[in-house]
Amino acid sequence: MSSRTGPVLSGYIFEEEAMLSLSELCQSCQMPAEMLVKLVEYGIITPEGNAVRDQQAHQWLFQRSEMIRADKAFRMERDLGINFAGIALVMDLLVEVDDLRQQVYQMRIADQSAN
Amino acid sequence: MEYKDYYETLGLARDASQDDIKRAYRKFARKYHPDVSKEADAETQFKAVGEAYEVLKDPEKREAYDQLGANWKDGQQGFEPPPDWEQQFDFGGGGYTQGGSTHDFSSFFDDLFGGAQSHGGSYYQSSRGGGFPSKGENVRAKVMIDLEDSINGEVRSFSLHMPEMDQSGQMVSKLRTLKVKIPKGIKEGQTIRLSKQGNQGAGGGERGDLLLEVVFNTHRLYTIDGKDIYLNLPVAPWEASLGGKVSVPTPFGNVEMKIPESSQQGRKLRLKGRGLPGKGAGDFYVVLQIMLPPVSDPKVKAFNEKMRDELDFDPRSYLFQGE
Chain A
1 MSSRTGPVLS GYIFEEEAML SLSELCQSCQ MPAEMLVKLV EYGIITPEGN AVRDQQAHQW
61 LFQRSEMIRA DKAFRMERDL GINFAGIALV MDLLVEVDDL RQQVYQMRIA DQSAN
Chain B
1 MEYKDYYETL GLARDASQDD IKRAYRKFAR KYHPDVSKEA DAETQFKAVG EAYEVLKDPE
61 KREAYDQLGA NWKDGQQGFE PPPDWEQQFD FGGGGYTQGG STHDFSSFFD DLFGGAQSHG
121 GSYYQSSRGG GFPSKGENVR AKVMIDLEDS INGEVRSFSL HMPEMDQSGQ MVSKLRTLKV
181 KIPKGIKEGQ TIRLSKQGNQ GAGGGERGDL LLEVVFNTHR LYTIDGKDIY LNLPVAPWEA
241 SLGGKVSVPT PFGNVEMKIP ESSQQGRKLR LKGRGLPGKG AGDFYVVLQI MLPPVSDPKV
301 KAFNEKMRDE LDFDPRSYLF QGE
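For the protein sequence lines, the chains are A and B, in the order given.
So in this note's numbering, spot 84 of the first sequence is number 84, and the numbers just go up one at a time.
So in this note's numbering, spot 204 of the second sequence is number 204, and the numbers just go up one at a time.
Isolated chain B (complex conformation) (with noise of 0.2 Å):
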């Protein structure tokens, strides 16, 4: 097992007082909370945090890890707590730590003041509800889908680490492979709920449900907003200023599309019901990006020149009226 510096995780030196302790601890759950950060790894940040702060706040705990501690780096192999550890301070058998606080737990916490309880699972869960039988918890967690998956309504694949019960009653995290097929229309943001996927019920209660937040990966063409589908249209000064038809290429194929004449840059266009489909379908938009062709190009200079010599055009008459 890899031993944890629990002072590390929390910015702290070996002879820190109780208030550093607790001023590390709220500085970095504020900082790492699933709920409020946006840190990429800030789920498996906080539980390193929470684990650290379990074990440093307790007067009792701490004096048995920093014992631990002072030898720690002789087997640099893996770590084993020392043979006599459970009779010096009995943590064994769970009680001694706070049911649900301490699930998913690194293994090196389980091995020295054993496991939580009951209540296994994944950060998210609150650890709720009491004796009698009851539904499992509801289980949260992030995926990340494309674009396409909630336009065509496609089965994903998804591995999450979900909790789960072992033999001797212990929680587990296990990985589980769930596929999952993504409602159409869903947005960056709502949830896909998968009924009964969840946590194993207590006392015979059923189990919880599997609620899945959605996220759109970064597409290659479009931006997304709310049920709307962007897309920055380049197009040649000619073709904005006489308009035309262009080829646009929406998720659900090429369509023509009718530029109209003097078109500025950054127009709108509308595709009406050519976004997310489903309850209240989105539209898609077109907006025009003008690109000018190279002045290295001596025809588009000599172009150019024919322009400002020839036409009467001051686009900024209106920065100086009143004048």
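Looking at chain A on its own, in the form it has when it is part of the complex (with noise of 0.2 Å):
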């Protein structure tokens, strides 16, 4: 296929492209639509604003990141055998591992420098 000669590609920070409607969150995922309302249910993931309160599923519009979200879910489900509650759960917890372990570096560079 391509070669160490290929060309230079352009990539996109994913995170800041248009957000999408659940439709097309459902063709990016390749999710039938019960799927994410399911895991917009559990807060696995959550559309922008107070869209879940207000208005109906066609009108949500998820950030990227959300996209990522929904992936990490369906593998949990499918490879753990984990419930949606669960993995709601072991996602919050990630998130928090995520932040304590950056603080617990940041804290160790400190000392470092300053002995």
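It is possible that some hints are incorrect.
Stated by the list, open to error - Below, computed lysine to aspartate or glutamate pairings styled on EDC-like, alpha-carbon distance capped at 20 Å:
#1 B:K47 to A:E48
#2 B:K227 to A:E15
#3 B:K142 to A:E48
#4 B:K279 to A:D79
#5 B:K187 to B:D228
Rather than coming from a laboratory, the hints here were simulated on the basis of the structure.
Since each chain comes alone in its own frame, lean on the hints to assemble the complex.
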């Protein structure tokens, strides 16, 4: 296929691209709408603003990062057999763990340069 | 080909029960699942565990595998399945394994049980979609870049194992080298999307996308928090006390910075807009770290003794208020 001399590919920052409607999210994730609605109900993915309360599902708009979350959720369900409530909890905890790791790392760096 | 000890992969004895196997698989799947695990080689480990489970969970495949296992050590050079293997156990053609869950298994697995039919690819893909013309699946991978790559929008080369269709229509893993222009200002954890660089579509559908999740290499000087960049700046006690100008390295070149008078340890000074560029550009922070000159130097010792004797300074007075 491509080689070392291949062209330079220009990428986009995925998370900053235009938001997705529910049907576009279905397409990009290759998941049925029912599954995505379930993910919204469990708070695993969230449409922008107060959309869940005020709007119909067809008006929802999702940040691109939600697509990555939906994919992760799908894989956790498939590979680990976690149910949706469990996935929501795992994802929250993972975010927290990442934050803590970052803090520990920052503190270590500060310690190193102080000594 | 190399023999794979599936029992060892799952940490099991050869007489493990089907329940033991399920338990061991669940344990390792949790440990190495790439979405959950922080282990460096999680993805490889997870695949190995999945492959072992695919064989051992199925009593028929397990029996077949056990028969091989009894004498696999005879020919240490490499492993060949016995000539009558396919007749005894009909695993050829790939139809036996569940498409999708077996992609990227080892050649050992493929030779014994047949390759996965369609849906080849990296672990990250999920096997969805049906038999109609459909867009190829997105492929995901993690890439390491330097802070400077994000700041300057450099071109970086990445070598990735990507699934490709070979002439016979089998999915094989191929090493592809891609040159990618890093989008300026990308943060750690964000994803670079390369349009139509993912899997081939089925039935004339277009290619999927390649999604590269960005992780920054540890930097010698800076730490990065979202769009902001931090530098711990060592200063002498008198610089912190009296203030003054110091030269500070930033990713955009050296700058002169003014340290305000009476700066305490850990004081944060901000250079606005000198963090990661782009939408909502970040800031550059200097965090002061007061460094003491070594008291083994007699001059330093004398200075400190002089301060002790002549200054009226108690940094702990507030601890005992109210007593």
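Hints versus structure:
1. B:K47 to A:E48: Given pair K47 (chain B), E48 (chain A) is violated - Cα atoms ~36 Å apart, limit 20 Å.
2. B:K227 to A:E15: 14 Å, holds
3. B:K142 to A:E48: 27 Å, violated
4. B:K279 to A:D79: 36 Å, violated
5. B:K187 to B:D228: Distance of about 9 Å is within 20 Å: holds.
This entry does not satisfy hints 1, 3, 4, going by the numbered hints stated previously.
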